[in-house]
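Chain residues, written in single-letter form:
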Amino acid sequence: MSVEVDKANKVYARVIEVLTLAGLALMIVGLALYLSGAMPVYVSLDKLAEYWDEEAPKFWKIVKGFEPSNYDWIFKNLSFADIVSVLGVVVLPIGVIVGVVSCCIAYSVRKDVMIGITIVVLIVMLIALLGPYIGITIKH
Amino acid sequence: MSRRSELGVYGVIMFALILLFIMLGTAAAANVAKVIELPNYYWPLSLFFLTLAIGILAPMAGVGGGVIFVPLVSALYTFNVDFVRGTGLIMAFTSALAAAPKFLRTGLASLRIALPVVAVAASTSILGAIIGLYITAAYPQGKYYVLIALGAILFFIFAVMLTAKRVEFPEAGRIDGISRLLSMNGAYFEPTLNKLIEYKATRVPLALIAFAGVGFLAGMFGLGAGWANVPVLNLVMSLPIKVSTSTSILIITMTDATASWVYLSKGAVLPLLVVPAVTGMYIGSRVGAVTAVKARPKVIRYIFLAIMLFAAVMDIYKGLHGLGIV
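Heads up: the protein sequence lines correspond to chains Y and B, in order.
Numbering follows the working numbering, with no gaps: position 105 of the first sequence is 105.
Numbering follows the working numbering, with no gaps: position 145 of the second sequence is 145.
Here chain B stands alone, though its shape is the one from the complex:
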């Protein structure tokens, strides 16, 4: 990478980080420390700039935006967690819908692999979404437990991302019956090697059990599930890393479509929150996708791990504070 190009990448990263800290710092000053008062119209505008920053950083770290958006906004903004989860889900959904067509046309994502996964994960994501809304409505202090659970989940994701080994081109083992029956294979052109890469899914039954759990968590917390899809596709099903990230996006288009009905029917989708978040994420992820190709993944991954750790601590603190424990 040329010096100029490298400077450009770090410039974009610095811009996104500064924007992120300004938005979060202002929200914390207004809602946590209560040292400033801001007009009502500030908050949707702030969501736009916050998601713009998340959108730039997310593709570089290989995670969906929802995983960062939901905990940060729940912790620092005044919106109820129902509306934050609804917004997070629609935002991650739109971002996946924008990216999936390109992956499908280049062979990087395949419906033959995604559809069996979705059949299992979509069923459990409905259950997760219903339970998520039920907790906040049925129990007066339920939202504090949701915040604590969200913090705990983030700690878990943090540990997975810190320790998971990503294998670029895994060795495919024995092909199981389901994989053979459904022809869960494909090919794509890898420009760095200048050759066609063929792939086949392995250990499909084990992977489907894992996806049932992932679907439940994604629906319950309104998160994009890319953080958990990728390790299963890559390490259990032996798919190349690029195929795993792209197929994960394809899976998200379908699982989030299913979970979104619960939020729509319960009125948990407020346009004044959703539209700025979706627009910011859409613009940001287009910039981020270009920058991701050039950036050094390790640096970005550590940045996101730090944000995730911060969000986890904030959510657990806010939940415990709400329950009067701290």
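One chain only, chain Y, in its complex shape:
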């Protein structure tokens, strides 16, 4: 028996499906390059294991001499294998944002009242994404 499914549901499903697979692929490829030594690494396994019991800010201060407070540590170091893996993680929440934008379009086309709620969700997601640049996150 077939069930009639809202078009926005189908659109969101397709978008997150494709981008999750892309994110997972990047994560695994990055780790494979890290372990094989085929690409330079940002933090070596020995350093990682020596300090992974420290809190995140202290870990980075000891290992790389800075405390990350935004996404620069990712986007400025994409030539390192372990950061390629982190980029794979970044693709996952980006996929959800793209999915929500697609829902906004689907709802607005047929002037559905859900557009208002969807825009609120999108705004919350963008605030979370831009938080480090607009002073939302707490400085340590």
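Hints are supplied without guarantee of correctness; some may be wrong.
Claimed, not checked - As a list, the in silico DMTMM-like pairs of lysine to aspartate or glutamate whose alpha-carbon atoms are at most 25 Å apart:
1) LYS111(Y) / ASP176(B)
2) LYS200(B) / GLU54(Y)
3) LYS34(B) / ASP46(Y)
4) LYS195(B) / GLU17(Y)
5) LYS102(B) / ASP6(Y)
6) LYS200(B) / ASP112(Y)
7) LYS10(Y) / GLU190(B)
8) LYS10(Y) / GLU198(B)
9) LYS195(B) / ASP6(Y)
10) LYS200(B) / ASP53(Y)
11) LYS34(B) / ASP53(Y)
12) LYS47(Y) / GLU190(B)
13) LYS242(B) / GLU54(Y)
14) LYS242(B) / ASP53(Y)
15) LYS102(B) / GLU37(B)
16) LYS242(B) / ASP6(Y)
17) LYS7(Y) / GLU190(B)
18) LYS34(B) / GLU17(Y)
19) LYS102(B) / GLU17(Y)
These aren't lab readings, by the way, just hints derived from the structure by calculation.
Starting from the structure of chain Y, add chain B where the hints point.
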């Protein structure tokens, strides 16, 4: 269920339990009792097998993996709780992203119900994630308080799971204004009854208040929030149990997406921990989802309740020990 099929189910459960106990036992022997020393590369490998076991058991118990992963790994592994929470969040997030498309296409999950919930829960999950990181960074002994709080939360979840009644097809009461305005309803095909089941959300204002609290806890402790979503969707909003579990997964895709930025910007996501955990969970939950259909839910639920109780005791002990109280 045939005898052979039943044996297969229990075989998978036994395999997952044995794997779980080997990984946890080895971690305890190395990090708590300190009777063995293991090479560095062992730990990411151990995370893979641990999450594989959790992934097999989690769908059968109807909870996300994060709720078990974070307390167990915080208690027995040497990774700092910041990295454990970051890994737990990404792991639960990926697992939800893998499952949600199927639920959306079959009508089991609906954006018309999930989006209003997310608007409230995502806002409070950002707050929870910020406070979670702030506690460990601002206070030297903060991580021990986080561990104690985590143990206390687990006791609470344990009590909720032990006492909560799950209603398969709740009677929908009066439909409130929000539910009517947003058309918070849908339908799916139920194969066990061979008929189409229609559902409508009720008591939406009360449910939204509950979700604000759930979002805060999920963000703060890096937990998948399925354990709390399902009782609210099922018992407050009067949605069928299958719709509640599926919509909970859909909600997690969005709340965890929002909370993950805080962990990424603070560098609390280490690929060597995240990738094995995500891969193990992904493979395990695919096996678990197939087994869940055939398994007797009561047995699995009791297994998970026992694990949860153990994790709660371990976290509180480790926190009190760190503070020098015990």
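Within 25 Å, alpha carbon to alpha carbon, are LYS7(Y) and GLU190(B)?
Since the Cα atoms of LYS7(Y) and GLU190(B) sit roughly 21 Å apart, the hinted pair holds (cutoff 25 Å).
Is LYS102(B) within 25 Å of GLU37(B), Cα to Cα?
The hint is violated at about 44 Å.
Please verify whether LYS242(B) and ASP6(Y) have alpha carbons no more than 25 Å apart.
holds, 18 Å
Below or equal to 25 Å on CA atoms is what counts here, so check LYS47(Y) against GLU190(B).
The hint is violated at about 53 Å.
Between the alpha carbons of LYS200(B) and GLU54(Y), is the straight-line distance 25 Å or under?
violated, 48 Å
Would you check the hint for LYS195(B) and GLU17(Y), treating anything up to 25 Å between C-alpha atoms as holding?
Given that 25 Å is the threshold and the Cα spacing comes to 28 Å, the pair is violated.
Holds or violated: are the alpha carbons of LYS34(B) and ASP53(Y) at most 25 Å from each other?
holds, 16 Å
Assess, step by step, whether the Cα of LYS200(B) is no farther than 25 Å from the Cα of ASP112(Y), and give holds or violated.
holds, 18 Å
Need the status of pair LYS34(B), ASP46(Y): alpha-carbon distance at most 25 Å?
Since the Cα atoms of LYS34(B) and ASP46(Y) sit roughly 20 Å apart, the hinted pair holds (cutoff 25 Å).
Pairwise hint evaluation, GLU54(Y) against LYS242(B), where the allowed Cα distance is 25 Å at most
Cα-Cα ~41 Å, so violated.
LYS102(B) and GLU17(Y) were given as a pair; does the straight-line alpha-carbon distance stay at or below 25 Å?
holds, 10 Å
Next pair to validate is LYS34(B) with GLU17(Y); report whether the Cα-Cα distance is within 25 Å.
violated, 43 Å
Consistency with the previously given hints fails for numbers 2, 4, 10, 12, 13, 14, 15, 18, ordered from lowest to highest.
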